[in-house]
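Protein sequences appear in the order of chains A and B. Here the first sequence is numbered in the numbering used here, starting from 26 and rising by one per residue. Here the second sequence is numbered in the numbering used here, starting from 10 and rising by one per residue.
Warning: the hint list may mix true and false statements.
As the list claims (entries may be wrong) - Capping the alpha-carbon separation at 25 Å, the derived lysine-lysine pairs in DSS-like fashion look like this:
1. 61(B) - 323(A)
2. 324(A) - 74(B)
3. 320(A) - 238(A)
4. 320(A) - 74(B)
5. 324(A) - 76(B)
6. 320(A) - 61(B)
7. 230(A) - 74(B)
8. 76(B) - 323(A)
9. 238(A) - 74(B)
10. 76(B) - 230(A)
11. 74(B) - 323(A)
Unchecked claim - Simulated restraints, written as ranges between beta carbons of each label pair:
12. 10(B) - 147(A): 51 to 59 Å
13. 27(A) - 30(B): 49 to 57 Å
14. 104(B) - 80(A): 37 to 45 Å
15. 28(A) - 23(B): 27 to 35 Å
16. 21(B) - 267(A): 50 to 58 Å
17. 258(A) - 88(B): 32 to 40 Å
18. 104(B) - 215(A): 23 to 31 Å
19. 28(A) - 119(B): 37 to 45 Å
20. 233(B) - 34(A): 40 to 48 Å
21. 98(A) - 23(B): 34 to 42 Å
22. 119(B) - 180(A): 23 to 31 Å
23. 28(A) - 88(B): 21 to 29 Å
24. 72(B) - 75(A): 45 to 53 Å
Calculated directly from the structure, the hints in this document are not laboratory data. Since the model is a prediction, treat every value here as computed from it, not as a measurement. We put the CB at the ideal spot given by N, CA and C, even for glycine.
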Amino acid sequence: MKFYFWLQYQRFLRKLHAWGIHPFVGIALMVLTFGALSIFLFYKTTYAIWIYSALLVSIWFTNNEKIRNEQLKLMFNQRIYNKIRLIENALIGIPFIIFMIIKQEFLASMLLLPIFILMSIFTVGSSTSFVIPTPFKRFPYEFIVGFRKNFWMILIALFLLFKSISVHNFNLGIFSFAIIYLFGMSCYLQPEREVFVWMFSRNPKAFLQHKLKTAMMCISMLTIAFAFILMLFFFENVFIILGALLIGYIFLAAVVLGKYAAFPNEMNVPQGILFSMSITFPPMILVTIYLFYTKSIKKLHNYLT
Amino acid sequence: MISIQKLTKSYGQKQVLNGINLDLEAGKVYGLIGQNGAGKTTFFRCLSGLEKFGGNIVSDHPNLKDKLGFLQTNPDFMSRITGWEYLKLVSIARGIQEEGFEEGNIFDLPLNEFAENYSTGMKKKLALQGILCQRNDLFLLDEPFNGVDIHSNMIISAIITKLKNHGKTIVISSHIFSTLSDICDQIILLNDGEISGIFEPSQFAGLEQEMKSFVIGNVLDRVKV
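With the rest of the complex left out, here is chain A:
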């Protein structure tokens, strides 16, 4: 088990090395970014604890995939396997819990405990081949996969939307909107295999246009419905709703471009920092988009001509 964690640490160091970042700088940057984003989140919204908890659960969720867990089960006996799962989930949760305790969110941190235990015991998607129907069937593939993986985010957003109407809280409605965009962005975090880009008979520019168009079309299927409902009940805030709609589209476009700027690798730390800076200072998103776009074109030239 010790070797397993040593190996994970080595993988992490190799990843930093591949990005050209010194391990000490990389770890320091991650701690600082995490701290800064956490402070910013709690400063910006009263619903930060909800977002924070949802974020932690979603990370546990993604770390709980069937194929990965099956590999672990094949390698280790049940006792060590359970230990590994518990330690991994604890390591993920500790920074979040520390910050929650600092913010005196004791109840939320206590409520996360049973989720932590459940996530460490059960595997997501175990032995089920049930195909969740998706409205994105005709627009493969990111939203199809994302919907089946993270449909719970849409359920949470729907719950918050109806809650915002029932308690007449506009901010909660906007927050539900943000969750939908987060869902959309989550669909573009994992790069596909090279062959799935190579097979397109488009040049890099046309390929990006196709990807952006698909992303906008799919997200609109959700956000326009949300915006319409919000406008019905909070018509006095119509311009804020339209503004949020537009900003969401821009940030989603940045994530799509960011994905291909790092292709075939996952998005890297410098990209993450750039994106975080754009969240804290929104006008910067235009620079980020420009940088991601030019880099994407360069990267895609290796696969598309």
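Use these hints to put chain B onto chain A, whose structure you have.
Chain B in isolation, oriented as in the chain A frame:
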């Protein structure tokens, strides 16, 4: 017509393809044989543009890649997409707006189930159906018969013959010599990244015999029973 001229490929110090010259004509089936590590898959990856290479590939098509279907040895699919959605994706990739995949479901695949849960053979059949949907002109089939049941093998052979009759070019890499000798117009022997021979149908029987004695040689003497 596709003309491959002085094709070279190396990974660091390791030379994998070493100056391959080959002409591929329309309406012909080519078999590619060679030991593991001879460079067959690398050759396919270079031809498809997935790898950078030295030399030239000249084709009648302005952009060969867009008319090329590459069936990989172990086709891989994204998680949580169904067979139907995969076929839709590969069609969209080539600008083909088609949705009647059930009618063209030649292998009776469960298109509404997740592709990742398919068996090895079913994955291969889905990938093959995908490149057929794209209406390509050049087909690179890397071990198309591996892991596929006997009925499907017969269907694949029949499809290859149909493609050939429609003027398509097919290059097949396979270790199953008997199948290759049944459907190929030429068999290319790749050895250490070089073409060591191109054989016509009249030479296939001799080639098989020669390979058997070369490959097996005195290996059996070393097997302790």
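- [ ] Please write out, lowest number first, the hints stated earlier that are contradicted by the structure.
- [x] none
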